[in-house]
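Single-letter residue listing:
There are 4 protein chains.
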Amino acid sequence: MKGKRLNIGIIGYKFMGKAHSNAWAKVGQFFDLPATPVLKVACGRNLNNVTAFAEKWGWEEVETDWKQVVSRDDIDIIDIALPQHLHYEIAVEAAKHGKHIFCEKPIAMDVEQATEMYNVSEANGIVHYLNHNYRRVPAIALAKQLITDNVIGEIYHWRSAYQQDWITDPNFPLSWQLQEEYAKAGPHWDLNSHAVDLAHFLVGDIQDVMAMTTNFIKERPLANPDCVGSLKVEAISTEKGEVTVEDAALMMVNFKNGAVGSFEATRFANGRKNKLSFEVYGSKGSLTFNLERMNELEYYSEQDADGVKGFRTISVTEDVHPYVKHWWPAGHIIGYEHTFVHAAADFITAVSEAGSIAPNFKDGISIIEVLEAGLKSSLEKRVVSIK
Amino acid sequence: MKGKRLNIGIIGYKFMGKAHSNAWAKVGQFFDLPATPVLKVACGRNLNNVTAFAEKWGWEEVETDWKQVVSRDDIDIIDIALPQHLHYEIAVEAAKHGKHIFCEKPIAMDVEQATEMYNVSEANGIVHYLNHNYRRVPAIALAKQLITDNVIGEIYHWRSAYQQDWITDPNFPLSWQLQEEYAKAGPHWDLNSHAVDLAHFLVGDIQDVMAMTTNFIKERPLANPDCVGSLKVEAISTEKGEVTVEDAALMMVNFKNGAVGSFEATRFANGRKNKLSFEVYGSKGSLTFNLERMNELEYYSEQDADGVKGFRTISVTEDVHPYVKHWWPAGHIIGYEHTFVHAAADFITAVSEAGSIAPNFKDGISIIEVLEAGLKSSLEKRVVSIK
Amino acid sequence: MKGKRLNIGIIGYKFMGKAHSNAWAKVGQFFDLPATPVLKVACGRNLNNVTAFAEKWGWEEVETDWKQVVSRDDIDIIDIALPQHLHYEIAVEAAKHGKHIFCEKPIAMDVEQATEMYNVSEANGIVHYLNHNYRRVPAIALAKQLITDNVIGEIYHWRSAYQQDWITDPNFPLSWQLQEEYAKAGPHWDLNSHAVDLAHFLVGDIQDVMAMTTNFIKERPLANPDCVGSLKVEAISTEKGEVTVEDAALMMVNFKNGAVGSFEATRFANGRKNKLSFEVYGSKGSLTFNLERMNELEYYSEQDADGVKGFRTISVTEDVHPYVKHWWPAGHIIGYEHTFVHAAADFITAVSEAGSIAPNFKDGISIIEVLEAGLKSSLEKRVVSIK
Amino acid sequence: MKGKRLNIGIIGYKFMGKAHSNAWAKVGQFFDLPATPVLKVACGRNLNNVTAFAEKWGWEEVETDWKQVVSRDDIDIIDIALPQHLHYEIAVEAAKHGKHIFCEKPIAMDVEQATEMYNVSEANGIVHYLNHNYRRVPAIALAKQLITDNVIGEIYHWRSAYQQDWITDPNFPLSWQLQEEYAKAGPHWDLNSHAVDLAHFLVGDIQDVMAMTTNFIKERPLANPDCVGSLKVEAISTEKGEVTVEDAALMMVNFKNGAVGSFEATRFANGRKNKLSFEVYGSKGSLTFNLERMNELEYYSEQDADGVKGFRTISVTEDVHPYVKHWWPAGHIIGYEHTFVHAAADFITAVSEAGSIAPNFKDGISIIEVLEAGLKSSLEKRVVSIK
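Protein chains in written order, with the numbering used here: chain F, 418 to 804; chain L, 418 to 804; chain S, 418 to 804; chain G, 418 to 804.
Since the hints were made in silico from the structure, they are not lab data.
Careful: at least some of the hints might be erroneous.
Note that the list lumps identical chains together, so a pair holds whenever it fits in one copy or between two copies.
For lysine to aspartate or glutamate, the following DMTMM-like pairs were computed, each having C-alpha atoms within a straight-line distance of at most 25 Å [stated by the list, open to error]:
(1) Lys-421 x Glu-477
(2) Lys-473 x Glu-636
(3) Lys-742 x Glu-651
(4) Lys-431 x Glu-506
(5) Lys-701 x Glu-719
(6) Lys-443 x Glu-472
(7) Lys-431 x Glu-597
(8) Lys-804 x Glu-529
(9) Lys-690 x Glu-713
Bound-form chain F, shown alone (with noise of 0.2 Å):
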């Protein structure tokens, strides 16, 4: 135990509550942080849950009632590890009893959310982290250098794709994430705020919009309503409800700089998993990353020899490379959960220092103003500018 000790409170033990909990548990392992973070309490509606859940990973206490956590003297973070529609209420009381904030994403369920999310934070003097977990995939942060170092040159394209299989089965139950009142749209929400959060990281900010959306399937079994933020789904009637959300959503953009860009976010590319993959090309090289591979990023250099150029594989797994002197040797990958580690390692670090880190509620407002406006577009058919 190093340095100060800084208590967590997490609220929600699903899935995004397993990957959290793994991150604070292990930064210490493997990062030298400036404090030391305890995992203190979880909380969730389910007492008998939320207890198995925190015998599992070391959590001291455990508690039913958000609002009781939040205001707690002794705890220094607040780890919101739910679904969106609950993050707004909770990370507005949670900055105003001074809690730091690390909260899943997407942000919130519109720019007003996101907003005061960020105002009481910034008002309240907290650090703030939206969990755009995948800046932090050690190929990403190196793109991120090479664009900075200047070795891309002028940027012209943006080109990305999220693209899943999940819901592929017309079967499916009604899950949550496909219900407006919960997630507020579909891939465009869930997946889309990935690649647009990654745009603004490694191009810049956005211009103008045009988008489509549509769906395939329009109703499905009702689900079990438990589901909410559970990555398992079951079915509980043959009735069927209708899906609220779209399907798949294809996005155009102009970038300030002058780039276009092009997003694509479905959970219909039958043998897409988790796909994320996108493509950066520059006056002077080319980047391109997918996350299903993610140790690796491709890299163009216009600057190579003339008759020995192409797109090189690198290995992200060298000392040399971000955050990977902390792991293993080269060669030796990492994988999704390490990302969460990484996020943790830096959030720790930016409470501790009182410094602040990226991407957070500032952040999360961008990317909410461009993913409203593409629902807007492809509502109305026409371009629509951020303001």
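Could you slot chains L, S and G onto chain F? The hints should help.
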């Protein structure tokens, strides 16, 4: 020599003249045809150049006036191997003389030209072929078979990009392809015409379109005007002229069958030489293709057993695959030029058997309708429907 | 905490100490185990270092004399996380004290050591595990399933290579791995032990062997002797010492079942960081694997329909795949360290259920027999049979 | 038609007859040659077949007795497009008549034949070429350039495999390639001759050899004897005959320059159609190649900046690459048959400029020496040195 002799007159002797001549010369050696194509007369404005060309490729005669060629009684086929601004006049005249037409793509400068080319051709009962040669890449022909045989199921997504990088250098001169009067548009016309043709072929008709175009480099050194149709372009001046076509075009569409599609065409993707790639996602399976690896098709089947599903790379070089039995044993790949030979074989068969062939001028109209809708959408910043 | 508590004493705190500790700490969070592993005592010769290590990983106590650890009544499991020259003495002593053993690979310095380790272990009824962890890469476990289920058929070929590049720099110092007294041999011992283990696992027993070894760099700067077991090695002198192990080893074998196999192990393959790859060709299908993309298995089925045969890339990240349901949703990859967690889970299960686990010391003997036959073949320049 | 006319007599009209004829017919259209190859006479034992062949490919005359062809005064070049057991007699006779020889590989049935072919050729001052055509794949020619330019440095490793699967079916008949009297040996002769030629070309001379051969299927249905030289083989009987060549061969070598090498040749690698692959690892960089993607070369440079090192995929389709400027624009790939055209171009140049060309009969001797040493090693189960 078998069957009837079919005398060909080719107009144009540059890049496409070479590719077409090679096809006519070679097709009879690899395919058993119902008639024999005869390289009768080559036509070009520069007598020296066209004479050298004819000698190299075995064209029996030369001519400098295309009107002489299309009106000769002994000519059966007119091969238009010229840039798009020259197609219309020659095609209409050739059709009026009852010549069968093998026409390079893109079909023409606008829907009106394309429509008249089609109407006159039909009125004169000729066989008309529009050389979107990629339909006859064996891997793409296999993709068509798989879709037709319903192994892909209902199609949800078409995702394509045609990426090149030959004008990323700002000092690359103002070649004919960068001037609206010769080229009509940039990669949207040149490259997206191929991609739209394949989307029509594999997915179906398009209902509405949103598009966006942009220019990265606005002015370039003036080029030698003799470059039209040629691959080699020299700057002739330090003086610059305006680039009057787009450098990149993005497009999203709704297909009439409910699928959504995206297109991206650019000459600014550093590292991509001639990368036409597409992905098709359907309810039963998926397909991906990349022209730079044109002997391969990737296929995912949702019907594969649990635990062993995955995209398989089919080496489309076996006798069971379209066109392949005419070439070499399995694993011995073919190249770009072979697609022209396939087109020549099917065209000769269509002509000698009084049949028709696709794509033809009717398909050309459909392609241009979509491309024009894209240009309009880009200007008006809204969705444009195809009538 | 569930079931019986199993107290672990770990000996060694460098690269493997870290990997093993992570596994013990993490396994209970992701797997439901019949017993609870307790990180009881960490042992190393340097008190300061081992104390820091224990604090970081949560080992309750520290010790500098391994004999004290293996003789403690309250210890159930000895984890030998040390280089191979130290395994024999500790394992034999631990077994005599009735401790279950989790032993790092390669098992020992020769067949005699390995055999005694096995005999004493069996005589004392302990569970012994040899950590050839790659058997528990999900993709390799899937390969085993496919072979066992006879979807590959009769196996004709095993083709493997384990390629690294960490000593291509002639100034890389004379680390312990390059000295026979510590390492016994070079990549033939370190890397081929993994490959031979996998060949035994997937193909079967080996009958005879031809091998060839070589050295590219004969002398290197002397290294800090404290480096043993560590990944970081510093030269301490400009003085040079002799490299006493091979730099590369090639081996061909006949398997008892008629298959033929090849092995290649090297530290001189520039660009390959930790590339263990293999190909298996059988009468019904084929498999290929590459550790640098360890979440993928390529599978070819001769039973696929004509026209759509090809190697398919299986993303071995679905719940139906071995070990995967304990981690994340499909497409969310895992990394190198997860194989140690899988080993820990299976080992704890074996210990608590009085079972056995593979690979174990018996498998270790078989591996060493093949490796020794390889060294002998290389010296005698002839085929050497395995008894 | 340019320069001197060089009259060619081809002997053989099956698979290689087709590939060679295509090369002679096409080479003048794509290359500016100092002389003009003339397809003068085609020779085969079956008059009907050879007549049809000649008509298709434009051979002016036909002949059924090869001795008539090699003794004609008007013939400049003898093209031996026959299986290996027929090379020796024809080549020696042709050389004695002063004909230049373009000879298919593998050169002959043993070192004695190859040596006499070479000696008589030299004595008669003819140009002799042995068609190991893969040296003229642009990607391999580029690999040679990179090695010659010392960008790969001192070579440590050659690792190659030539894998096919055309006889995995036990009912595939006993074609000539499976009979020692026609083929001398199996894939070791047919496929390893290519790989050894490339190893000589790219790495250097071989010093000693260890090899292992095996048979998976010992008897097969008898085949139509007319199949010799053809790709299509039919069983003519349910009666079976003995397979008298190996099904697979493994070989390890020491090169004279200190590199080590491995070779694997098989017709039992299900899913591999014509996969000749190799890897070269050197002190400054590495190269890999795969014939099924023959337009690509992978190159790793140890000189690249830290953090961006990786294997780059060079699309060997640019004008700066060997042979490519004669074909199509960048990214437009070529195929298998183009290597024959490159060979024809270089051969015509060598003949008309009284030069020599590689590989030739001297190279053929070296290849056979290695292959024979391999067969001997396999029999005697020990290392065999090349004299």
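Results for each hint:
1. Lys-421 x Glu-477: both (18 Å within a copy, 22 Å between copies)
2. Lys-473 x Glu-636: neither (38 Å within a copy, 52 Å between copies)
3. Lys-742 x Glu-651: between (42 Å within a copy, 17 Å between copies)
4. Lys-431 x Glu-506: within (19 Å within a copy, 46 Å between copies)
5. Lys-701 x Glu-719: both (5 Å within a copy, 21 Å between copies)
6. Lys-443 x Glu-472: Answer is both: 16 Å inside a copy and 13 Å across each meet the 25 Å cutoff.
7. Lys-431 x Glu-597: within (20 Å within a copy, 51 Å between copies)
8. Lys-804 x Glu-529: Cα proximity of Lys-804 and Glu-529: one copy only (14 Å, versus 40 Å across).
9. Lys-690 x Glu-713: So Lys-690 and Glu-713 pass the 25 Å test inside a copy (18 Å) and across (13 Å) alike.
Hint compliance for this structure: hint 2 is the single one not met.
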